[in-house]
Amino acid sequence: MNETTATDAAVDSFDYLLPSLGADMDEGRVVEWRVAIGDTVHRGDLMAVVETEKSDIDIEIWHDGTVDAFLVPIGELIEVGTPIVRLRGSVERSGPFGAPLSPTTVRSSSTPPPTAPSSTTPAPPKPARAAAPVPSRVGDRVLASPLARRLGAERGLDIAAIAGTGPGGAVVEADLRTVKPVEPSEPARRRTPATMRSLIAERMSRSNREIPHYHLARDVDVGRLEAWLVERNASRPITERLLPAACYIRAVALAAARHGEFNGSWIDDHFEPADSVNVAMAISLRGGGLVTPHIEAADQRSLDEIMATLNELVSAARSGNLRASWMTGSTITITNLGDAGADLVHGVISPPQVALVGFGRSRQRPWVVDDLVTIRPVVTSTLAADHRATDGANGSRFLATIATHLEHPEDL
Amino acid sequence: MNTDNTLPDPVTMILAAIADVAPELEPELADLDHDVDFWTELQLDSMDHLSVMTRLATQAGRDIPERDYPRLTTVNELCNYLGGGH
Chain A
0 MNETTATDAA VDSFDYLLPS LGADMDEGRV VEWRVAIGDT VHRGDLMAVV ETEKSDIDIE
60 IWHDGTVDAF LVPIGELIEV GTPIVRLRGS VERSGPFGAP LSPTTVRSSS TPPPTAPSST
120 TPAPPKPARA AAPVPSRVGD RVLASPLARR LGAERGLDIA AIAGTGPGGA VVEADLRTVK
180 PVEPSEPARR RTPATMRSLI AERMSRSNRE IPHYHLARDV DVGRLEAWLV ERNASRPITE
240 RLLPAACYIR AVALAAARHG EFNGSWIDDH FEPADSVNVA MAISLRGGGL VTPHIEAADQ
300 RSLDEIMATL NELVSAARSG NLRASWMTGS TITITNLGDA GADLVHGVIS PPQVALVGFG
360 RSRQRPWVVD DLVTIRPVVT STLAADHRAT DGANGSRFLA TIATHLEHPE DL
Chain B
0 MNTDNTLPDP VTMILAAIAD VAPELEPELA DLDHDVDFWT ELQLDSMDHL SVMTRLATQA
60 GRDIPERDYP RLTTVNELCN YLGGGH
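So the sequence lines, in the order shown, correspond to chains A and B. According to numbering that gives the first Met the number 0, the first sequence is numbered sequentially starting from 0. According to numbering that gives the first Met the number 0, the second sequence is numbered sequentially starting from 0.
This is chain A alone, in the form it adopts within the complex (with noise of 0.2 angstroms):
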């Protein structure tokens, strides 16, 4: 495996490797830099747009240097893994690893290997030199790193069939790069690309195929929380104003922070809590299709915080302008089908998540009051559930925890 993207010592130069951008990417191409040869780059500057088949990506640099070379053509369509850029500088060791979600890896470029393995995320520091190759377990156990099995899953490998590198033969993310997704149907994609309708097919089959989902629904009065939006967005400019989507966020992140089961992967037959609530939207692109974007620790900002984040993500989404770093880690989805859509929604998990929280439209609906009939609006949240992570009776309280939110806006 040669990866030696953990070692202390600086190196003069060091190759960028195309990264992975979604569980259903392997190829891609480079449709622009955003750097010139001979710029001084920092950590988090934009480096190069990377087209996928869902959309435009804005790649990040994750470390200080100078650039270098273009190492790939624009517009050639190349795997992940493919060395891209190489930058030049004495370099500070602390990236890629302080930056969680990073989607790019360095390495030496000494010996780049043509089928270089790379990162989606940034893999946890491991000793440079490679353990021997064997397949490992512990009991029925196999023995990865929890960014290699979240991967994995993502990618739909098996990771008991990966021989791994890592510390006691464990398997680490770099060994993933060694491995074809087992699923679709490589042939066809290469020769004329995905559309976005194919790809949707195949990951929601798969979705379908491997999680037994559970469907819940529960209505919520939101007559409390409009109120408090029309009053609060009156006394603010129009550019600091909330709307509803930014508090069904807040609540969803809130109620999966304290309901962690709900917030994570299903990996290698069990569940895995995120560390993070990584709340994922399901953005619909005017051309048809739908990406995913993730807000970061939504359950950490504030309402006004993921106002802004969401309306960052449906612009770059719409403008094909999505960052790498949002697109890969996402732990819980959230699906809202907004004032013109229908009222409920039953909605299929996003693999390796478990869960899917989704909203339908505002209505005005008959209502109960303290024994009278009264006339409030209305939206179903619905959930969708994985029935090997989690049964009705966590779904409902994870449900009632979201509508609790909800009543109680001033709260959020």
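Accuracy of the hints is not assured; some may be wrong.
As the list claims (entries may be wrong) - A few chain A positions that, by computed beta-carbon distances, are all more than 10 angstroms from chain B:
hint	residue
1	Ser12
2	Ile199
3	Met203
4	His212
5	Arg217
6	Pro243
7	Arg285
8	Gly288
9	Leu309
10	Arg362
11	Arg364
12	Ile374
13	Ala392
14	Ala399
15	Thr403
Unchecked claim - So the derived label-pair ranges between C-beta atoms look like this:
hint	chain 1	residue 1	chain 2	residue 2	range
16	A	Arg87	B	Gly60	42 to 52 angstroms
17	A	Asp342	B	Tyr68	14 to 24 angstroms
18	A	Thr65	B	Arg66	50 to 60 angstroms
19	A	Arg364	B	Tyr68	17 to 27 angstroms
If you are wondering where the hints come from, they were derived from the structure by calculation, not from laboratory data. Just so you know, even glycine gets a beta-carbon here, dropped at the ideal spot from N, CA and C.
Go by the hints and put chain B onto chain A.
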């Protein structure tokens, strides 16, 4: 763009704001009936609505309170509201 302190023609401004938020819709805008509810006609969602309104408010240099939204559904209504007599 607006060097002489006059606003651009409101219709142009409105159509440009829509095209800015939803570039894919630009070809349809030339044929848009200025008396239909274009939010529905063009299938714009609440985030598009906020984005278009934010652009218009910024360009016109005035706020557009939420309570006015219900009567701002067509190009002509918006035009009258923003242009005040154009």
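Hint check:
no.: 1; hint: Ser12; result: holds, 39 angstroms
no.: 2; hint: Ile199; result: holds, 19 angstroms
no.: 3; hint: Met203; result: holds, 22 angstroms
no.: 4; hint: His212; result: holds, 26 angstroms
no.: 5; hint: Arg217; result: holds, 22 angstroms
no.: 6; hint: Pro243; result: violated, 8 angstroms
no.: 7; hint: Arg285; result: violated, 5 angstroms
no.: 8; hint: Gly288; result: holds, 13 angstroms
no.: 9; hint: Leu309; result: violated, 7 angstroms
no.: 10; hint: Arg362; result: holds, 15 angstroms
no.: 11; hint: Arg364; result: holds, 20 angstroms
no.: 12; hint: Ile374; result: holds, 18 angstroms
no.: 13; hint: Ala392; result: holds, 34 angstroms
no.: 14; hint: Ala399; result: holds, 26 angstroms
no.: 15; hint: Thr403; result: holds, 24 angstroms
no.: 16; hint: Arg87/A <-> Gly60/B: 42 to 52 angstroms; result: holds, 48 angstroms
no.: 17; hint: Asp342/A <-> Tyr68/B: 14 to 24 angstroms; result: holds, 23 angstroms
no.: 18; hint: Thr65/A <-> Arg66/B: 50 to 60 angstroms; result: holds, 54 angstroms
no.: 19; hint: Arg364/A <-> Tyr68/B: 17 to 27 angstroms; result: holds, 22 angstroms
Checked against the numbered hints listed earlier, the structure breaks hints 6, 7, 9; every other hint is satisfied.
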